[in-house]
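Asker: Fit chains B and C to the supplied structure of chain A, relying on the hints for placement.
Top to bottom, those sequences are chains A, B and C.
Under our numbering, the first residue of the first sequence carries the number 21, and numbering increases by one thereafter.
Under our numbering, the first residue of the second sequence carries the number 185, and numbering increases by one thereafter.
Under our numbering, the first residue of the third sequence carries the number 897, and numbering increases by one thereafter.
Hints listed in this document are in silico derivations from the structure and should not be mistaken for laboratory results.
Careful: at least some of the hints might be erroneous.
What the hints assert, rightly or not - On the chain A side, residues computed to face chain C include the following (Cβ under 8 Å):
1) P157
2) P306
3) I307
4) G308
5) I309
To be verified - Covered stretches of chain A, going by a simulated chain B footprint (3 or more residues, C-beta under 8 Å):
6) 139–153
7) 271–281
Heads up, the beta-carbon is just placed ideally off N, CA and C, and yes, glycines get one too.
One letter stands for each residue in the lines below.
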Amino acid sequence: MARIDVRKTYKLYIGGAFPRSESGHSYEVTDSKGKFVANASLASRKDVRDAVVAARKAFGPWSARTAYNRSQILYRIAEVMEDRRPQFEEAVKQSEGGTAAAARGQVDAAVDRLVWYAGWADKLAQVIGNANPVAGPFFNHTAPEPTGVVGVLAPQSSSLLGLVSVVAPAIVTGNVAVVVSSYARPLPAVTFAEVLATSDVPGGVVNILTGDAAVLAPWLAAHMDVNAIDLCGVAGSAELATSLEVAAADNLKRVRRAPDAEPDWTLDPGLSPMTAFVEHKTVWHPIGI
Amino acid sequence: MAKKSTPFEYAPAPESRSIVDIKPSYGLFVDGEFVDGRGSSFKTVNPATEETLAEIAEASEADVDLAVRAARRAFRGWSRMSGRERAKYLFRIARIIQERGRELAVLESIDNGKPIKESRDVDVPVVAAHFFYYAGWADKLEHAGLGPDPQPLGVAGQVIPWNFPLLMLAWKVAPALACGNTVVLKPAETTPLTALLFAEICQQADLPPGVVNIVTGAGGTGQAVVSHPDVDKVAFTGSTAVGKAIARAIAGSDKKATLELGGKAANIVFDDAAIDQAVEGIVGGIFFNQGHVCCAGSRLLVQESVADELLAKLKRRMGTLRVGDPLDKNTDIGAINSREQLDRIRELSDIGEAEGAERWAPPCDLPASGFWFPPTIFTGVTQAHRIAREEVFGPVLSVLTFRTPAEAVEKANNTPYGLSAGVWTEKGSRILHMASQLRAGVVWANTFNKFDPASPFGGYKESGYGREGGRQGLAAYLKGADA
Amino acid sequence: MSTTAPTDPAPGLAAYSEVTAGEASLRRFLHGLPGVDQVGAEARAAGLGTRSIKTTAKAWALDLAIRMVDLTTLEGQDTPGKVRALASKALRPDPADPSCPSVAAVCVYGDLVGEVKAVVGSEVNVAAVATAFPSGRASMAVKLADTRDAVAAGADEIDMVIDRGAFLAGHYLQVFEEIVATREACVRPDGSHAHLKVIFETGELQTYDNVRRASWLAMLAGADFIKTSTGKVQPAATLPVTLVMLEVVRDFREATGVQIGVKPAGGIRTAKDAIKYLVMVNEIAGDDWLDPDWFRFGASTLLNDLLMQRTKMTTGRYSGPDYFTLD
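Here chain A stands alone, though its shape is the one from the complex (with noise of 0.2 Å):
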């Protein structure tokens, strides 16, 4: 007789935990071919609140830290991957189809990404900041500082990758997430919580929600205590990423607007995912004896 396998309920990641959906929720997650792959915890407006708490509480800290402990994390995130490669092979086949070594391509391209953005940590500044020579006897140099709580619409199709190249230039600034992630393809985000969880990451500093963007994204939007918002995850939806823009006015969020369609994710990012979510800061000195 065959064994009766042990199928799985996956839960939420908020504050460095996994609690369950405030609202009990959970939703069939399947294969690229419809067949029953686990339930995944179908987030609610309430496990927004509870994201950005959390993410809220991490953010002091998190971007307190020196650029090379959170380059070391990044890196360590890459590392843990590195090692679960397999597992994240298996998510993303079953997520997105194609050919096991489609799943690996985007797997190695995942890990490698992370470790770019690791790099980063510590020369953005030096390449996007700059010395202002004033006319007056001021010292004055303008450098980079996390906007802080930045709401992550998630791609809805690039399960991994997208995934990666969404939350890295978010958090290697020191700034912190509240990520949606795919609705249809969240179990390779799931595994990805799991990695964070075990690799060094700050409680709170990625917070992995599944469930349906389209519920999800207008009270992150409109969330008065976050700060910016990427609208990847609703690419090509026109409509509602024209009603989340209106409502991330409320407090001026920065906005990544959402593209047309998604992005070859394969591509240079540039710096753009990481620039779009930092603020110049400015300061001002006398010089003087």
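Answerer: Just chains B and C now, with coordinates in the frame of chain A:
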């Protein structure tokens, strides 16, 4: 024991206004020409006397459309012109501004109410410097670290406020033009005159028609500018409420936006501060330009252990501020820009008093006509008072105290705004700590209200987004630029 | 004013007796004074310099400035003839205009006090530099003898220099005690005393923090005036250094009730500059200091420019140097 001598009464020292020639009425500046508007008109008044200065055309939606079309037509040639040539136009404009500096300063003071010593020594020189600074960028954009082939956005719709009419114009126009964009700019309805004189300067510089278009009007005109479908870039300086409305209006479009909005800056004075300079910084922080400054240090946070001493010195210093005729070279505080703004300042001040804060102003004779408000401080203010939370945009300072650096940071950041902050302490490591903790786009340490074209300016949180000035200011006018 | 008898310290000053009781407490006190931000202080001074003083205010200021001049000659080549000529000028700066006031004092080396006194009598004060002016590098005995000689010769005012070497070495109590001793040397047999001005040579102290400390030190030691410079070191008086000193005398009166005078000296050559100083006195210390008893200009060429501008005010045309005496 002190022998009392006769007081040193400064005789009036008025700057001559004969240098400016204000016409009875002004049209719009579209496609290089002054044209009649299709809409109605409004009056601009001298806030120090309430005399009407001129009739100004109020641009209708159709007028704005014509201006945007002109800008679009001009964009082709302007954006393809080599940076070196564009630079020379901007240098020309900068030089003319210097040459006509006195005229611009007097006109600014007449229309805005700001003291001539500020328009002469701050506004106009910084305007010229801004054009010089960005002129130099026009042929160096590929070296700005903003991508290998930086391209302009197109037509920029720019709406500016009344507090620094010409300076805000410069902040908007200079980088836009340097990057190869063309502009449609709407000055504030109470202060259109220097923008119209700037239009003349564009003619004098032989700037190609349509590169700069000036449409005068009120909120409706501004709305038409920012929501025009053929505008690629919106740049706005003004209230947070309007900034939010603009963000909503351009939602779902491809328009890029820079918003410079309100503020409620904390000016934090520690017990080891260089106290006399701190007093100057507080005075300059809140009474500069009648307090009509988005980054004004409107919340004084003083360490409790020096609060009494500091306040005594501050009050003494406030007693030497000279309020009156903006054209008098010895005036420190000029006229409030409009009756509407005066009403707002009065209302919030009355609320401050009603909420239990203690109001103090030095005795000063205010002119009988015009809009005036004495330099005022409120002590005994707490974070819960409306005057500690809302932007008064006038010469009104709220004084709060703190005990520890952590408390200072907490109170300073406890606001939806995040434009600027001040820190006064003689301890270097504390300055750097505070500068890193304050959630504000500009931190002035042991100084305040300093501006320079090379220095990026802009806010965190509800004070807006994007930066103006410096290398970062270019990113706002280039495609896909990574600031 | 030069005949005021020394009195017990004002009650406000008594509170500071512990401060000056020893080297350590004095040092703690001086180093505990608020710092001065150079850029901020200079910006404030420059801002006051843009005040525009016209017509009646200017006429008033020019006359006041003349009355505040300590007409000075401090050269190795000074002769009796030279100082007598200067003394005559001090009495009647503009012989063509009897409405022109006299200056406050004539300032010379101690050995020439008698020459000046013979000309000016009691109409204009005689100030003598002392304490091994300008360097201050001599034994205490010599410095005190220098002072006593000048007082004995009839000096109404003594302009002493502090020992900058001791100050910069941190020997504040030594500087304090020298000022106290010099003040005692200013006392005349009848119990009155010559007014004591204490010169810091701010160009050598370099920082405004030092100027503020030296100012407090001198005031606590009994200075009647604090003075910027000898005129022998550059920079001499500047607007910002005077600004800092004016802030200190204002604060000192606030704290002790005792009013102290201020004298910028050296480098003030034009009427325009002098008026900037008066604006600063007015707005920083207050109009109580707008009096020759409380503010002086140590200068030589300044006087003629003040006279030229004064004439311009009355005649309405620009004058020239040929119309004013060179002494």
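Asker: Hint by hint, note whether the structure agrees.
Answerer: Against the structure, the hints:
no. : hint    : in the structure
1   : P157    : holds (5 Å)
2   : P306    : holds (3 Å)
3   : I307    : holds (7 Å)
4   : G308    : holds (3 Å)
5   : I309    : holds (5 Å)
6   : 139–153 : holds (count 5)
7   : 271–281 : holds (count 3)
Hint violations for this structure: none, all hints satisfied.
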